[in-house]
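Starting from the structure of chain W, add chain G where the hints point.
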Amino acid sequence: MRHQDESPIVLLGSRLLTPYIMLFGWYVIFFGHYSPGGGFQGGTLLAASVLLIRISGGRRVSRLQIQEFATTPLAVIGVIIYFATGLVAMLMGGYFLDYELLPFTGMEPAMVRYWGILIIEVGIGLAVMAILVMIYDNMVKGEDYA
Amino acid sequence: MKALKIIILILFASVLIYAASDLPYRGDPDNLMHAEESITGTTVVGSYVIQEAYNDAKTPNIVTVILGDYRSIDTFGEQVVVFTAGLITILILRNRRRVV
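The listed protein sequences correspond, in order, to chains W and G.
The first sequence lines up with residues 1 to 146 when you count with my numbering.
The second sequence lines up with residues 1 to 100 when you count with my numbering.
Some hints here could point you the wrong way.
Stated by the list, open to error - In silico DMTMM-like cross-links for lysine to aspartate or glutamate, where the CA-CA straight-line distance does not exceed 25 Å:
#1 G:K58 x W:E6
#2 W:K141 x W:E6
#3 G:K58 x G:E36
#4 G:K58 x G:D74
#5 G:K58 x W:E68
#6 W:K141 x W:E68
#7 G:K58 x W:E100
Stated by the list, open to error - To be clear about the criterion: a stretch of chain G counts as covered by chain W if any three or more of its residues have a C-beta under 8 Å from a C-beta of chain W, and this derived list gives those stretches:
#8 8 to 19
#9 35 to 49
None of these hints come from the bench; they were simulated from the model.
Each residue gets a CB set at the ideal place from its N, CA and C atoms; glycine is no exception.
Pulled out of the complex, with its shape left as it was, chain W reads as follows:
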């Protein structure tokens, strides 16, 4: 592979952009109840913010952020959040993913559905972010770069 020097300007620019992209990703996830958005779109934006640092900084800088071994457990946690929400609703005596029976005390059923949707959106966002980072890591590892 060709030798390339790190560019501090590119790294500085992506360091400036990354927090805002990440914040916008969380906004898209949590504001999906009121505007276009949701787990898949927000998770993609979170992955974009992580990948920007990985592309511009290389392996040494990306070790300070989400590490390579952490992506697979994060994806599994995201899937488990979704599945556990449905399973808890089923154990409380309802159908699978019937949020009305989630154990939130002192809330009307419609508001429990509101929070149930939010929980699964966070799970989707986490899984999508971790999986996109995981795909990038595996591609880079196959290329034997840096």
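Chain G only, in chain W's frame:
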């Protein structure tokens, strides 16, 4: 050969444009998909969703309610598909050292 390709493209485009001229107008309340009952006599789900989505989940975005509540098992399937695609990249793309 190139002329044949262009003729096929033009024919295909004309078929699509002819089919598109028969589509219903957007936002017309008399459309079939906005009716309470379909041609075959079953109830249309879309009108129920438009009327009751806010009362069911207190969420103004109808698309979110459909994705996360009414069709949540479908969304779970989508998430599992994405998860499986990520796991398969471990098998295919990662450069394993061969031990011969």
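Cross-check of the supplied hints:
1. G:K58 x W:E6: violated (50 Å)
2. W:K141 x W:E6: This hinted pair holds, its Cα atoms lying about 19 Å apart.
3. G:K58 x G:E36: holds (23 Å)
4. G:K58 x G:D74: Holds, because 21 Å separates the two Cα atoms, which is no more than 25 Å.
5. G:K58 x W:E68: violated (39 Å)
6. W:K141 x W:E68: holds (10 Å)
7. G:K58 x W:E100: holds (12 Å)
8. 8 to 19: violated (count 0)
9. 35 to 49: As far as the region 35 to 49 of chain G goes, the hint is violated, because 0 residues have Cβ atoms under 8 Å from chain W.
When each numbered hint is compared with the structure, violations occur for hints 1, 5, 8 and 9.
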